[in-house]
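Chains as they are written, first to last, in this note's numbering: chain D, 17 to 300; chain E, 17 to 300; chain V, 17 to 300; chain A, 17 to 300.
Wrong hints could be hidden among the right ones.
Which copy is meant is left open, because identical chains are indistinguishable; a pair holds if it fits in one copy or across any two.
In the SDA-like style, the derived pairs of lysine to any residue whose C-alpha atoms are separated by at most 25 Å in a straight line are [what the hints assert, rightly or not]:
(1) Lys19 to Leu59
(2) Lys164 to Leu24
(3) Lys173 to Glu241
(4) Lys164 to Leu86
(5) Lys19 to Thr73
(6) Lys105 to Asp264
(7) Lys268 to Arg279
(8) Lys219 to Asn57
(9) Lys219 to Arg123
(10) Lys295 to His258
(11) Lys105 to Lys268
(12) Lys219 to Val242
(13) Lys19 to Pro141
Worth flagging that the hints you see were computed from the coordinates, not collected in a lab.
The primary structure of each chain is shown beneath.
There are 4 protein chains.
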Amino acid sequence: MPKTAILLIDCPDRKGLVAAIANFLLTQNANILHADQHQDNELGLFFMRIEFSFEQTEGDEGAFRRDFALLAESLNMHWRLEYAERKPKVALFVSQYLHCIADLLQRHQSGELRCEIPVVISNHPDAAALAGFYNIPFHLIEVNRQNKQQAEAQQIKLIEEHGIDLIVLARYMQILSPEFCRRYPLRVINVHHSFLPAFVGAKPYHAAFARGVKLIGSTSHYVTEVLDDGPIIEQDVTRISHTDELDDLIQKGRDLERLVLSRAVRWHLERRILSYANKTVIFS
Amino acid sequence: MPKTAILLIDCPDRKGLVAAIANFLLTQNANILHADQHQDNELGLFFMRIEFSFEQTEGDEGAFRRDFALLAESLNMHWRLEYAERKPKVALFVSQYLHCIADLLQRHQSGELRCEIPVVISNHPDAAALAGFYNIPFHLIEVNRQNKQQAEAQQIKLIEEHGIDLIVLARYMQILSPEFCRRYPLRVINVHHSFLPAFVGAKPYHAAFARGVKLIGSTSHYVTEVLDDGPIIEQDVTRISHTDELDDLIQKGRDLERLVLSRAVRWHLERRILSYANKTVIFS
Amino acid sequence: MPKTAILLIDCPDRKGLVAAIANFLLTQNANILHADQHQDNELGLFFMRIEFSFEQTEGDEGAFRRDFALLAESLNMHWRLEYAERKPKVALFVSQYLHCIADLLQRHQSGELRCEIPVVISNHPDAAALAGFYNIPFHLIEVNRQNKQQAEAQQIKLIEEHGIDLIVLARYMQILSPEFCRRYPLRVINVHHSFLPAFVGAKPYHAAFARGVKLIGSTSHYVTEVLDDGPIIEQDVTRISHTDELDDLIQKGRDLERLVLSRAVRWHLERRILSYANKTVIFS
Amino acid sequence: MPKTAILLIDCPDRKGLVAAIANFLLTQNANILHADQHQDNELGLFFMRIEFSFEQTEGDEGAFRRDFALLAESLNMHWRLEYAERKPKVALFVSQYLHCIADLLQRHQSGELRCEIPVVISNHPDAAALAGFYNIPFHLIEVNRQNKQQAEAQQIKLIEEHGIDLIVLARYMQILSPEFCRRYPLRVINVHHSFLPAFVGAKPYHAAFARGVKLIGSTSHYVTEVLDDGPIIEQDVTRISHTDELDDLIQKGRDLERLVLSRAVRWHLERRILSYANKTVIFS
Chain D
17 MPKTAILLID CPDRKGLVAA IANFLLTQNA NILHADQHQD NELGLFFMRI EFSFEQTEGD
77 EGAFRRDFAL LAESLNMHWR LEYAERKPKV ALFVSQYLHC IADLLQRHQS GELRCEIPVV
137 ISNHPDAAAL AGFYNIPFHL IEVNRQNKQQ AEAQQIKLIE EHGIDLIVLA RYMQILSPEF
197 CRRYPLRVIN VHHSFLPAFV GAKPYHAAFA RGVKLIGSTS HYVTEVLDDG PIIEQDVTRI
257 SHTDELDDLI QKGRDLERLV LSRAVRWHLE RRILSYANKT VIFS
Chain E
17 MPKTAILLID CPDRKGLVAA IANFLLTQNA NILHADQHQD NELGLFFMRI EFSFEQTEGD
77 EGAFRRDFAL LAESLNMHWR LEYAERKPKV ALFVSQYLHC IADLLQRHQS GELRCEIPVV
137 ISNHPDAAAL AGFYNIPFHL IEVNRQNKQQ AEAQQIKLIE EHGIDLIVLA RYMQILSPEF
197 CRRYPLRVIN VHHSFLPAFV GAKPYHAAFA RGVKLIGSTS HYVTEVLDDG PIIEQDVTRI
257 SHTDELDDLI QKGRDLERLV LSRAVRWHLE RRILSYANKT VIFS
Chain V
17 MPKTAILLID CPDRKGLVAA IANFLLTQNA NILHADQHQD NELGLFFMRI EFSFEQTEGD
77 EGAFRRDFAL LAESLNMHWR LEYAERKPKV ALFVSQYLHC IADLLQRHQS GELRCEIPVV
137 ISNHPDAAAL AGFYNIPFHL IEVNRQNKQQ AEAQQIKLIE EHGIDLIVLA RYMQILSPEF
197 CRRYPLRVIN VHHSFLPAFV GAKPYHAAFA RGVKLIGSTS HYVTEVLDDG PIIEQDVTRI
257 SHTDELDDLI QKGRDLERLV LSRAVRWHLE RRILSYANKT VIFS
Chain A
17 MPKTAILLID CPDRKGLVAA IANFLLTQNA NILHADQHQD NELGLFFMRI EFSFEQTEGD
77 EGAFRRDFAL LAESLNMHWR LEYAERKPKV ALFVSQYLHC IADLLQRHQS GELRCEIPVV
137 ISNHPDAAAL AGFYNIPFHL IEVNRQNKQQ AEAQQIKLIE EHGIDLIVLA RYMQILSPEF
197 CRRYPLRVIN VHHSFLPAFV GAKPYHAAFA RGVKLIGSTS HYVTEVLDDG PIIEQDVTRI
257 SHTDELDDLI QKGRDLERLV LSRAVRWHLE RRILSYANKT VIFS
């Protein structure tokens, strides 16, 4: 039976790249299902995502990787090969607001998010029942000023035990330590409830209300050490007016948060995101 | 023949306000065509816009104003009465980019903007032909570091001579002096090519490109002494992706600039905007 | 303690309406919290929604209604008075797709939808667990060609027993009989997964895909006897491209369905909707 | 000096296509600047757009075309090779509404639309001054029931004389004959002022107003013999409410018309559109 895999490549741009990659896949008798590429002509960079199917027996993967590694080295490529059949493992972090996690769990159950979710981690007990309903182990790890380091150690222990690929901060209201952020580069997705870079930091809806903006936004991004500054994955906005009070902004904003976070998670799981220069390429 | 007028009111909120205003209009035998009101319950403020028609002979306007002034005083109202037949006078300021002014002039010609435009003022000659095509006197007033004060004096002279009600900065690339801004409060509308408060100041498209945002925006606002900080009238955004280069942002942004500036101008001309607390109420 | 109530009025337009209503509320010592009105000048109709608070003891409601009825009769008004403290009762109808009902139940739990949901009715067992999680009785009423009439009789029995005010078709995939529709005018809200009036009827995503549209939409509307033809409450769209396959349309569409259905339900519960001429007024 | 060219390809999908094309360009020493491809896996079709630069002397183009033709034949490709330096020639058709043509001419002047516009053709004199301002010959060809055939003959004569590549119907309010449509397949772009397929035919804003929709739209499409049924290039919508009267719809719609028509024209000029199965692929 044919297997489906995804190849993600980034490298310095040069003549003959597409030919080299396409020829390699042809020699492997691979069938390209979908391909998308991007060139940053200013920086001289080349990016490609290829989804392909091929007949492969168990032992062949090693050979494929060895052969491609040779090509990649000669062309100075960074690359990842991901088999579609292997589902990424996701940890959901949450605090008291449940709209994002409820949305993600329902999408997961309906088959929209191809991943396993072995663990929900929270600093509040509120999400326990919901996690239970979807049969996902729930871990309460309380966080305060004194115990932050130990709390993160517990979180990391769970992440390592479960072989977590992606951490999703579904309105997790604690700031992660620089050490934690550095440990999982491009593996932690957060949703910030503003149109970044406007209204960085705490209480963005209050700030938007005070400034009198006519649209509010929401942003999903990879987490870096600098607060609300990582590569933006997705943003969306909705219209407000003078008739909207602060509570209306918060309520309308929840819809945006659900949308931009779930899109980011889905794209990450489908290996459609590459990041460079603190930006993202979202392959179609 | 009946005349149409617009009454704009703001005052501290209290019981009986709507009754008092409605009763007054009834005694004047006015016919309400359209009414919209807003209450800021937090600040305890009341805002109303009423469009009404009434039979009135020339001399009656003074009586109407006198009578309403009595009511207004008793209820601590700020108010304006505007007759629809009197078209506001608008001065267009422009520099080298012509897309906004071309758009405004075409809208004006097609009847979409109910105003007179007695003057176009620019620090560059580029818009002269366009102004000429629409039969609007064009004044070239060059501005540099040395002559800023004199240049503004010339501008103010033209504004006063023509009895200008509204100054529209249609991509006018000079920063107005604090004195100029203070002279015309809520009478100068600017378009800033970003989603404020993100990317205040110069080169917002460059900044948006560098940050890797997924939407770019544009903002029209009243000008105050603080750069890009006045009450926001309208904002809009459009989606971009990693495939968009800086020039694409600039090109897509022009469409936003046209839209948000023309909407702000139209709403101002239709007396649909009230401003308070550095925000705007846009009446429907 | 003050009570909050909402008055919804529609009547032929005429001079003095606002004064009459405002004076009445003043005599009742009511405090207007929010008011919005609309005039259809072409049809000569007047619509108003007033939210107000007043001190009222139990017995007073009858007096208020009696007094207002006199005024209303003299001005030929249709009117409703709703007390905010009385929560409407909602029945959710669903079939196999759970994304809308999951969304509505989560919004209800978080306090976004002010209502009681005494019953979930479905022709499939799929939603039973979800209803159970939120502690809402679930009734499986299977529907086929033969038993449609009896099935609707069972549904009606439940609706009457629970004193249901609003029926929400959260992707309920059965067409209701004309008798059912006539029985609950403006009390049944449906979501149709297209931008009506495009793609009426079955399989709208398939039809949209075949036509090659660049945006797909979703529409919530009151149900009438004519399929997908009732007064539209809310619509929204999202962009698609040639890279989206049919499954992508369906997936993107689900997000729209959730949004437009939940907005319609919320607005209905907040008594913000009036319907006339097969259209809706959505008060702010 | 290097030249830039665009290769547009569509053919049955099969293994090795990308390799064959990329290898060919490598042998020609071409430098790929931008590439985008699309596969319709259901229909088994492959589409590609490649923008590339290469050193080429005058005589080489023939050789390039000959060589690529051999490859194309072996792979059953339809293909076009377009040199960026050759600007397409565009004829603008217009009637009385000038907002679209004014917009297109301003965009052309500012360099946004890379084409020549040798002729404006109209059945009304209204656009003559505007065409004159932009130094474009204006031809008044009146059309009525009796002379339609002769009028189209005159239009065709002008089109042929000027070697027109693309005809843009900028709110041209006459229906073209089937013969005319067949003569210029995928070479006539129209803007229809509705969200197709809703509100086909005359007076779509009136129909939208009567139906009570909450969004109005606009659609640009290639013209075919069937009215408003050709491949859709672009669509956009804007929100309306019960407060918008018919004139407001028309006014808001004009902004949509400008946007969707100008985008379609730009994409066509940039050779970013391929059409199949009555749909369009819009390459990025």
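Hints versus structure:
1. Lys19 to Leu59: between (35 Å within a copy, 21 Å between copies)
2. Lys164 to Leu24: neither (36 Å within a copy, 53 Å between copies)
3. Lys173 to Glu241: within (20 Å within a copy, 54 Å between copies)
4. Lys164 to Leu86: Neither: 44 Å inside a copy, 64 Å across copies.
5. Lys19 to Thr73: Within one copy, since 9 Å is at most 25 Å while 47 Å is not.
6. Lys105 to Asp264: So lysine 105 and aspartate 264 pass the 25 Å test across copies only (23 Å; inside, 35 Å).
7. Lys268 to Arg279: For lysine 268 and arginine 279, the Cα distance is within 25 Å both inside one copy (17 Å) and across copies (10 Å).
8. Lys219 to Asn57: between (39 Å within a copy, 21 Å between copies)
9. Lys219 to Arg123: between (28 Å within a copy, 22 Å between copies)
10. Lys295 to His258: Answer is between: at 8 Å across copies they meet the 25 Å cutoff, but 34 Å inside does not.
11. Lys105 to Lys268: between (30 Å within a copy, 24 Å between copies)
12. Lys219 to Val242: both (17 Å within a copy, 24 Å between copies)
13. Lys19 to Pro141: neither (41 Å within a copy, 35 Å between copies)
Hints 2, 4 and 13 from the earlier list are contradicted by this structure; the remaining hints agree with it.
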